[in-house]
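K.L.:
So the protein sequences, as listed, match chains B and E. Going by the numbering used here, the first sequence opens with residue 1, and the numbers climb by one from there. Going by the numbering used here, the second sequence opens with residue 1001, and the numbers climb by one from there.
Don't take each hint at face value.
[As the list claims (entries may be wrong)] Result set (DSSO-like, lysine-lysine): computed pairs, CA atoms no more than 27 Å apart in a straight line:
no., chain 1, residue 1, chain 2, residue 2
1, B, Lys332, E, Lys1076
2, B, Lys33, E, Lys1076
3, B, Lys80, B, Lys324
No lab work stands behind these hints: they were computed from the structure. Please read these numbers as outputs of a predicted model, since none were measured by experiment.
Here's the letter readout for the chains.
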Amino acid sequence: MAIEIVQQPAVGLSKIAVSETHGENSPYFAGWKAYDENPYHEKHNPSGVIQMGLAENQVSFDLLEEYLESNQEATSWGKKVSGFKENALFQDYHGLLAFRKAIASFMEQVRGGKAKFSPERVVLTAGATAANELLTFILADPGDALLVPTPYYPGFDRDLRWRTGVEIVPIHCESSNNFQITPEALESAYDHATSMNMKVRGVLITNPSNPLGATIQRKVLEQILDFVTRKNIHMISDEIYSGSVFYADEFVSIADVLESRNYKDSERCHIVYSLSKDLGLPGFRVGTVYSYNDQVVTTARRMSSFTLISSQTQLLLASVLSNKEFTQKYIKINRERLRKRYETIVNGLRKAGIECLKGNAGLFCWMNLTPYLKDATKESELEIWKTIMEEVKLNISPGSSCRCSEAGWFRVCFANMSEETLEVALRRLHEFMDKRRLSMAGRKGERERGAGTMEVIWAGAAEEGGRLIGERSKDRYHFLIRDTMASKLKQFQSKAVQASQFLSKHGNAYYKQLMEENKQYVQEPATVEKCNELSKKLFYTRLASIPNRNESFWKELDYVKNLWKNKKDLHVEQAGIAALFGVECFAWFCAGEIVGRGFTITGYHV
Amino acid sequence: MLSAKVTCNSHGQDSSYFLGWEEYEKNPFDEIKNPKGIIQMGLAENQLSFDLLESWLNNNPQPMGFKNHNNQSIFKELALFQDYHGLPAFKNALVEFMSEIRENTVTFDPNNLVLTAGATSANETLMFCLANPGDAFLLPTPYYPGFDRDLKWRTGAEIVPIHCSSINGFRITKSALEEAYKQAQTQNLKVKGILVTNPSNPLGTSLSLHELDLLVDFISSKNIHLISDEIYSGTVFSSPSFTSIMEVLKNRNLINTELSKRVHIVYSLSKDLGLPGFRIGAIYSNDERVVSAATKMSSFGLVSSQTQYLLSEILSDHKFTKNYLSENRRRLKQRHEMLVKGLQRSGITCLESNSGLFCWVDMRHLLSSNTFEGEMELWKKIVYEVGLNISPGSSCHCSEPGWFRVCFANMSEETLDLAMQRVKVFVDSMAKKMNQNRLQQLVNRNSRRSKSLPKLVFELSFHQRDVLVDER
Chain B
1 MAIEIVQQPA
11 VGLSKIAVSE
21 THGENSPYFA
31 GWKAYDENPY
41 HEKHNPSGVI
51 QMGLAENQVS
61 FDLLEEYLES
71 NQEATSWGKK
81 VSGFKENALF
91 QDYHGLLAFR
101 KAIASFMEQV
111 RGGKAKFSPE
121 RVVLTAGATA
131 ANELLTFILA
141 DPGDALLVPT
151 PYYPGFDRDL
161 RWRTGVEIVP
171 IHCESSNNFQ
181 ITPEALESAY
191 DHATSMNMKV
201 RGVLITNPSN
211 PLGATIQRKV
221 LEQILDFVTR
231 KNIHMISDEI
241 YSGSVFYADE
251 FVSIADVLES
261 RNYKDSERCH
271 IVYSLSKDLG
281 LPGFRVGTVY
291 SYNDQVVTTA
301 RRMSSFTLIS
311 SQTQLLLASV
321 LSNKEFTQKY
331 IKINRERLRK
341 RYETIVNGLR
351 KAGIECLKGN
361 AGLFCWMNLT
371 PYLKDATKES
381 ELEIWKTIME
391 EVKLNISPGS
401 SCRCSEAGWF
411 RVCFANMSEE
421 TLEVALRRLH
431 EFMDKRRLSM
441 AGRKGERERG
451 AGTMEVIWAG
461 AAEEGGRLIG
471 ERSKDRYHFL
481 IRDTMASKLK
491 QFQSKAVQAS
501 QFLSKHGNAY
511 YKQLMEENKQ
521 YVQEPATVEK
531 CNELSKKLFY
541 TRLASIPNRN
551 ESFWKELDYV
561 KNLWKNKKDL
571 HVEQAGIAAL
581 FGVECFAWFC
591 AGEIVGRGFT
601 ITGYHV
Chain E
1001 MLSAKVTCNS
1011 HGQDSSYFLG
1021 WEEYEKNPFD
1031 EIKNPKGIIQ
1041 MGLAENQLSF
1051 DLLESWLNNN
1061 PQPMGFKNHN
1071 NQSIFKELAL
1081 FQDYHGLPAF
1091 KNALVEFMSE
1101 IRENTVTFDP
1111 NNLVLTAGAT
1121 SANETLMFCL
1131 ANPGDAFLLP
1141 TPYYPGFDRD
1151 LKWRTGAEIV
1161 PIHCSSINGF
1171 RITKSALEEA
1181 YKQAQTQNLK
1191 VKGILVTNPS
1201 NPLGTSLSLH
1211 ELDLLVDFIS
1221 SKNIHLISDE
1231 IYSGTVFSSP
1241 SFTSIMEVLK
1251 NRNLINTELS
1261 KRVHIVYSLS
1271 KDLGLPGFRI
1281 GAIYSNDERV
1291 VSAATKMSSF
1301 GLVSSQTQYL
1311 LSEILSDHKF
1321 TKNYLSENRR
1331 RLKQRHEMLV
1341 KGLQRSGITC
1351 LESNSGLFCW
1361 VDMRHLLSSN
1371 TFEGEMELWK
1381 KIVYEVGLNI
1391 SPGSSCHCSE
1401 PGWFRVCFAN
1411 MSEETLDLAM
1421 QRVKVFVDSM
1431 AKKMNQNRLQ
1441 QLVNRNSRRS
1451 KSLPKLVFEL
1461 SFHQRDVLVD
1471 ER
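Excised from the complex, chain B in its bound form (with noise of 0.2 Å):
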């Protein structure tokens, strides 16, 4: 809800002006600052913060700026004596009809070809932003709500809600099936929104989804259809990182189901696009409604007014777009630079040993850091955040802004930087991460031992498991470990005792002082119950990384023989990651056991 403040003099403004329904005081502006404080550049400021809360696409800048190097006559008024002046005037709300041809097959094209789509059902604006607070305008009244998957881009809150007087109403989405849309969350959402005396006036998604950079899958849309349509709704679908996905193949558009329903119920249908995130140019506003309904998009025409476009950029596009040749070339091209830059964060993440959600398009991808939060809370999202933001110098955008409502998720951006700074801000992840595992895992590893959990045994594993995988070759090692493993559980049982042992011998005046550094961390009460809970997190969330982690694998693995070979200077931390190796090993083992289950053990796509 809007909160107002009251008004001090006596003619205020509008209850619009002063509300903060706009979000843009929430903690998800301050990454902003502190980026604009003290922005990185490679030479000028390389410990400055690098941004990677813009979702900006700057991968391909180089194909469109050839083209225009080779077609200057898109950046003129073309060879009509009148060209300027006819431009300069052309106001008319309808758009340069070369452009929306241009944009029509330009989305055809994005689509794959089947589904069609018509110049006139294209309504411009500019940019998406204006799209979808047009579309909210004409499809509900203030008060109504609609319904928008959660997590969804921040920027909703304005877009949607700020002058329109409309709610939205989350539909909530969790990471144990990927943060796919189910029709029980429909229904709940529906029913919440009702329960609170709000008419319910339709459903956005976004897809491909910003946060979650990936597609929904063409089950889950006529799910969402055949609710919309069961409940008489609306249903807006935003598509405007559409071009943005990584396999061509990968990616249904709402339009293809209509077409495959022969557009029954396509009068419910609308959808957003711009050309921001495909082309990357936010700069020149372009934005559009497609909507299959008459009425929506005459009333959008019309609204549209309030954002037109600049007719110099309208002329320039639609030379730019009706090249098709040149624009079969750069999605082409876009797709592919965009899955390598993809590749390169997911793959440097997870050696800095951190998961994210399975991506297949978009800008950015959904980092999982849950694992290494204090407590599932927002507060600790947040913190964790602030010390990325402060400490690592990274501006990402935590999920809570996102309105997640898991805490720990973080959408990353990958591609309005260089291939350089990528590695510059994964390598400081990467030490961010070792450093705060020591920490981590220290604690764990006391904890555990108070607490007489199983974890200490890992520890001894640690040690047999680490000789044996150490020995092997690299790429056999899946096979072995997993034939290894099983045949030497017992052995490592033994050698966990000794382990223990070991420690409570040792490790009585680093625990003392330890503890008394990190008591903030302890959970009260100790609880075997919540012991459980904690190292299953750990556990689980470290098992869902494994199969493509041999690199952080052997790293860790050197590290961890190095520690055991000059075991009388162990303390408590070390032992810690001795234990949290133990995890690792035992993870190994089970991961023979996931792959022959079909990567189903936890949501994730292994």
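Following the hints, complete the assembly by docking chain E onto the known chain B.
P.N.:
Frame of chain B; chain E shown alone:
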């Protein structure tokens, strides 16, 4: 299933005003291809000075090709620029241009400027910032027909007219202001402010110092806002010269007072530079809260960075702007004279004016009855028979029937000449018909009842007197 905004008609686009446009679209005049087509005189476009802009562009090709002065590409930089504060270079150039138009009597702080996609968006944004749904703004009539859409449609605010009349040349008076305020109160509407266009669209006159003082006093006593829409400020072509509300505030030592925070200016380059396609509008406010809210709202209608860059280059060429402004004024003046004289030859007068791209034309003597039905009837004849699309006063909420807005800057001199000829032919034939009718009526009535004669005589003299009055 759709919102009330879809079914409500406050966007005004189903009004008869748009019929003329539709008619024009079906049958547009073209010197060669369609010499009998409808001439568009309902469009306040400035086409008189494009040659000046074109020659500037020819001499300065870099900004069009995304090149800076060192001929380096700034395409990427511009394509990514989406800061809603706007390009600093552009904002600086724009405030300087605004000062120049006001002969540098006042200066504007670029930090108080908010860029919007045209004045349409600027006015709506201000309305969103200042009024809650159901609150009212007072507007002097006649006013620009688009305001019904811009100010009311999505904001839910109301417009209460300040009725101005031909008796004093449609000037704003204290009593008219008070009356409108009272009217709003009786309708249970909270008045949040006044919006004026200065120079006025559709009158083509700029506000007098007296009127401006009156407005300042009024918003001071009622504690309300004042929006001064000054999008035609660069078109003031003859005396009296233009006085901006900012100058009044300055002269009365009100700058930086609480009152000045309630004064907001709307500006645009659509009229003064003739670039409506580029969608460049702006809000200038002295209240930082309004600036801040409006800046955030401008996300819904930002100006293309490509266009911002081009215009920042054009406007920072002071030699060019100086020459453009004076040459443009000179040409507008010439055109205005052409229209006024042309109409005069047909016995039609215009409200005396000094600005804008149109005249406010008095055709009351051509009405068959002194009603808005009569006005509509005449307007249809002018659209269909004469082949001119002009705007009837009723579309501007004028309280007197018989006035029309006729634009003169969106066509060539030859076309304007042709339009004047068509008017002459029409008025002559109409006079002939009218005389016949009147004679006939006179005969009929005389034969039936001699009593009605005095009334008819009065009616005739009424029209004659008006013609004389406006010919002063």
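K.L.:
State for each hint whether it applies.
P.N.:
Hints and how they fare:
A hinted pair counts as satisfied when its Cα atoms are at most 27 Å apart, and Lys332/B with Lys1076/E qualifies at roughly 20 Å. Distance restraint check for Lys33/B and Lys1076/E: the Cα-Cα separation of roughly 23 Å lies within the 27 Å cut-off, and the hinted pair is therefore satisfied. For the hint linking Lys80/B to Lys324/B, the alpha-carbon distance of about 24 Å falls within 27 Å, and the restraint holds.
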